[in-house]
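Following the hints, complete the assembly by docking chains B, C and D onto the known chain A.
Number of protein chains: 4
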Amino acid sequence: MIRVGILGATGYVGIEITRLLLLHPGVEVSCVVSHSFAGKKISDVYPHLAGITDLYCEEMDVASIHEKADLFITALSEGISSEVIPLLLEKGKKVIDHGGDFRYKSVEIYEKWYGKKHTMPHLLGRSVYGLPELYRDSISTASLVANPGCYPTCSILAAAPLMKNRIISTDNIIIDAASGVTGAGRKTDLPFQYSECSQNFKAYSVSTHRHTSEIEQEFGNLAGAPVLISFTPHLVPMKRGMMCTLYANLKKRASTAEILSIYEEYYKEEFFVRIMPEGRLPETKYSSGSNFIDIGVVADERLGRVIIVSALDNLGKGAAWQAVQSLNIMCGYDETTGLKVPGLYL
Amino acid sequence: MIRVGILGATGYVGIEITRLLLLHPGVEVSCVVSHSFAGKKISDVYPHLAGITDLYCEEMDVASIHEKADLFITALSEGISSEVIPLLLEKGKKVIDHGGDFRYKSVEIYEKWYGKKHTMPHLLGRSVYGLPELYRDSISTASLVANPGCYPTCSILAAAPLMKNRIISTDNIIIDAASGVTGAGRKTDLPFQYSECSQNFKAYSVSTHRHTSEIEQEFGNLAGAPVLISFTPHLVPMKRGMMCTLYANLKKRASTAEILSIYEEYYKEEFFVRIMPEGRLPETKYSSGSNFIDIGVVADERLGRVIIVSALDNLGKGAAWQAVQSLNIMCGYDETTGLKVPGLYL
Amino acid sequence: MIRVGILGATGYVGIEITRLLLLHPGVEVSCVVSHSFAGKKISDVYPHLAGITDLYCEEMDVASIHEKADLFITALSEGISSEVIPLLLEKGKKVIDHGGDFRYKSVEIYEKWYGKKHTMPHLLGRSVYGLPELYRDSISTASLVANPGCYPTCSILAAAPLMKNRIISTDNIIIDAASGVTGAGRKTDLPFQYSECSQNFKAYSVSTHRHTSEIEQEFGNLAGAPVLISFTPHLVPMKRGMMCTLYANLKKRASTAEILSIYEEYYKEEFFVRIMPEGRLPETKYSSGSNFIDIGVVADERLGRVIIVSALDNLGKGAAWQAVQSLNIMCGYDETTGLKVPGLYL
Amino acid sequence: MIRVGILGATGYVGIEITRLLLLHPGVEVSCVVSHSFAGKKISDVYPHLAGITDLYCEEMDVASIHEKADLFITALSEGISSEVIPLLLEKGKKVIDHGGDFRYKSVEIYEKWYGKKHTMPHLLGRSVYGLPELYRDSISTASLVANPGCYPTCSILAAAPLMKNRIISTDNIIIDAASGVTGAGRKTDLPFQYSECSQNFKAYSVSTHRHTSEIEQEFGNLAGAPVLISFTPHLVPMKRGMMCTLYANLKKRASTAEILSIYEEYYKEEFFVRIMPEGRLPETKYSSGSNFIDIGVVADERLGRVIIVSALDNLGKGAAWQAVQSLNIMCGYDETTGLKVPGLYL
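So the sequences go chain by chain: A, B, C and D.
First residue of the first sequence? That's 9 in this note's numbering, and the numbers climb one at a time after it.
First residue of the second sequence? That's 9 in this note's numbering, and the numbers climb one at a time after it.
First residue of the third sequence? That's 9 in this note's numbering, and the numbers climb one at a time after it.
First residue of the fourth sequence? That's 9 in this note's numbering, and the numbers climb one at a time after it.
Each hint should be verified, as a subset may be incorrect.
If several chains are the same, the list does not tell them apart, and a pair holds so long as it fits within one copy or across any two.
Claimed, not checked - The list that follows gives simulated cross-link-like pairs (lysine-lysine, DSS-like), each with its CA atoms no further than 27 Å apart:
1) Lys195 <-> Lys48
2) Lys125 <-> Lys195
3) Lys101 <-> Lys120
4) Lys276 <-> Lys48
5) Lys172 <-> Lys195
6) Lys113 <-> Lys124
Calculated from the structure, these hints are not laboratory results.
The shape of chain A in the complex, shown without the other chains (with noise of 0.2 Å):
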């Protein structure tokens, strides 16, 4: 049983990490920090935890919240990060984080695309970017693991065996991905109103998203050469869900079959990855309040294209979910505790 600090609470990943953590077996969710709601019950901030949990949201002391868990994950503003981070390492606690502080491994390329200088270069070293299916090892032995963005998720692991096994060309890779409204957090800005977000749907950030960049860098790296995408996120009325639609041009031509044969291989062993046969293609419904992932393949023989659609739970395997996962992989846990949920569908 390790003891768990959820920092950030109340903002929307922060709370769906208390819903699975007070489920998970293994750990004791030791302390929940929400500035804005410290000293009331959590289950006052959210009715939906009544029954199942007393705990109270705490303030933050920065001196000493290392000493109230093993384990801390952090969904915090990024200036209050930076206080509390290097301390809670410095004093032997693991971090998961999910801010972009850490998913980098340029400090320029983040200081380009977040417009702001790095206030923690020096850990960037330690970080290890927090994508199981990728970085199974690697995050086994960390203590600070950067839990990767939503759509980067949701992208890399739609583009993996591509990249991997090199046959598709990396220079007209086009991304076109939609999430639902969680995504962009407990806010109250006016354009994720219900009277302005119900019954519309928007691009926006286009050419602009900061995502991009990191989902550059795992491409990168998987093909083993730089490579630049177009990326269009769009905004979709609902709560959770989202997909990407990538489109790649194939080096030679390959009937779908061909390709979801090398998809099946490329995540033979990974129970988080779904493989939609041939002819199926996800709907985010099926993935949603879960860990999962799944693709689907077409290959466009008439234009030697190859199209991945890839959906998630932005909220599940975009984040909250996924952070349990690598949490379960630094423990020693089985990778699947608390998280061997099908989706909801309904």
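For chains B, C and D alone, coordinates are given in the frame of chain A:
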């Protein structure tokens, strides 16, 4: 480990039961029957179950179906129920049924509200109304449990403390209710098409809904005298969730706090009934994806009236999850086994 | 051609009025005031108006605003109303206001339900309650019209024939109501965020909603004696639309057909009131995007009770469109000018 | 005043046309044909039309239908089209058709993508592709207009300035598109049930959608050379609205402002095409309920690529409203008659 057969597994209630029981530590799902999809993998029909189960849907052979499990959960159309349920009971099997047939003590009332002959009146004496908070002991020894309707569950638990404590007059009770669309089941009727029921709200079956009679039966049992009610259901453009708003005139003035203390006392041993603190009311998202029912109380002292607001998941405590709660009781398991899950909220 | 100024044009009611009046053949929108967006083109704030108008939002200069139009429609926060409305009237301008201030005949009732002092009690004698179906003649000569609340419009028109014909007892009237989210206005409060209110249903302001008192005032006028009611609003996950389900005990038995004929007679001259045929009930999509209110009747002969179901668009007949209906009457235009539009359905 | 007959009036496109034409000052709706609802008042089938029209749905008598109107709008299943359209033309009537049959110049391409024989190839020479922004003059004298598909309208208008000005290479064009559910029509198929498609996002018909060929035909005409594209539609959980996100490689570097000025020039006379200012992109709510198409441009100078985002209402400019635009042109009315309406936004 008991073997459970699910007859009618590919309707919305059936598939939710299947999803739950696949995760249940004391249950082996030994057979899933679906007339429409016999011969198909259930995960091809419902891809959210891929990676979790390799079960195939079976056609039902009435003569031998009893061999396939120890306990059967039936969510069948009516004609088939009367063929198979008597046989299962004869063979010593336990049955939890989702039809209206076994919920009534009076054949006359059933026949009046359902507009047809009852085909198994001889079994009514054996059947127990599967509302654990009211009939836990009888359920524990029952071989035939009638899982209650969703509106009745939501209404009866909302009103039981008032009825039992005789603090309301029973001649002006109004229940105004609302349900998400999954309550209509997996039908392809025009009114349940997305384009027809999204962004739309409507009342239906006003003064004629069958559940009226089921609620009246149980209200009568609780009050010790016949009770007639107005019951008006509405359709809400959401998938899951149900709310009842109940109005009743108080026999004598009482404050919200006084009535709340009656509720807290009445339900103090009930894990799945959550009484909201004064000044707060349920929202369907608190119990969505769970077996909880949330109940809020407002005494309107100006009018001498009490308003009770109750919410549950129509597929959760209103159907599939409550069936598993009864299953746990019937099998001697801890009543919360497999069900100790908070709502989804998001 | 009259010149109309819209004060508070960028809220949801204001922008719907603007949209309507830009298409109105007898109106020139001569000024749109918006504190938040002063100096911006209104089509930059609301791009659906691009190509239709080049109007700019103005800041309000209280001293000179009266020069900008002949008639003003005000949808302002309360503090500002009391500064500007008296001045406009003094200058001989006509005003249609959307606040609660001028809807009441009794200062005491207003102050009790709104919890504050009335700032313009001297104007109550001049103001007319802007429900054309009840007060058409007074509106035609009024200089100050109080546009009714959405729930009151939906409730009063639903009950008027019952009240006026004295066929119900007035001591057990329940109105259970539901509204789409635009009813909350263009706010950025957390409960109205998409992720919070999509796929969710809840009751709010139970027994305390201000509109209760507005409904009671008009019910009292119709019945010729004081009437107290229970009124419970709910929030529906949809943008537009409102429904009231009203329960009342009949003084003597009556069939649905008999009550329907009373409604048809009562509203036989009213273009915007549609009585549903027997056996059919309103759905909000029928009137969404229009000035219609639909009313359905069910007599529950078993209980001696009548249930009235009424539906309208909370931004339509419940707010903006009704204001334009009053404007037409005040200006001597045909009452349906610019409003003879069916609902959207889709 | 021309008399218009609507054949197939009770589908979603048909009823939207009916709604529009009932308000059109130059049109008398002289007959509405619906096989499914023949003999019923159309306002009983679609109650939003109550109070607006007393029209009855008729069964179609092929031999005499031509007598009922001067111009016919057909939204029929294919078998019936080929029976009635040739006859109408023979009798000198004008026809605007919604099927795919008359949109193609090449019988081969039609037959390849539709997978069946063309039944009226002799009429292809007479038919005009009903996209007024490209074919206004031909439409003005046409007797047979093929109303374009929704995705093609959204794609072709998005790309026309790029194609016509030869500033993109045509061999790597990707169109990633998304549509609201009314695009599927008034069907009762399971995938379009609320419980199946609410809170869900999916791709469909990947690399095989018929509209691909329609887009390629018109792209080829504009570019003066054959063009092949990838086209991927997605289903969005909303009623109305459509978006295309188009990716193309620029022949030489260009800024967003430079490309925008090309668009502004190209569409400067077009009332229904709105070019978004730099830094802003369309959202479907801007054009929902209108005949507008909104187009936004982003040049990604890092990649030498341009991304065009276009949005329209699939029932508006994508179907019913565009048909009325063509009707106006064919009848010599001002092109905006009955269509000068802003989007709904809410």
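**Asked** So which hints don't hold here, by number, going up?
**Response** The structure conflicts with hints 3, 5, although it agrees with all the remaining ones.
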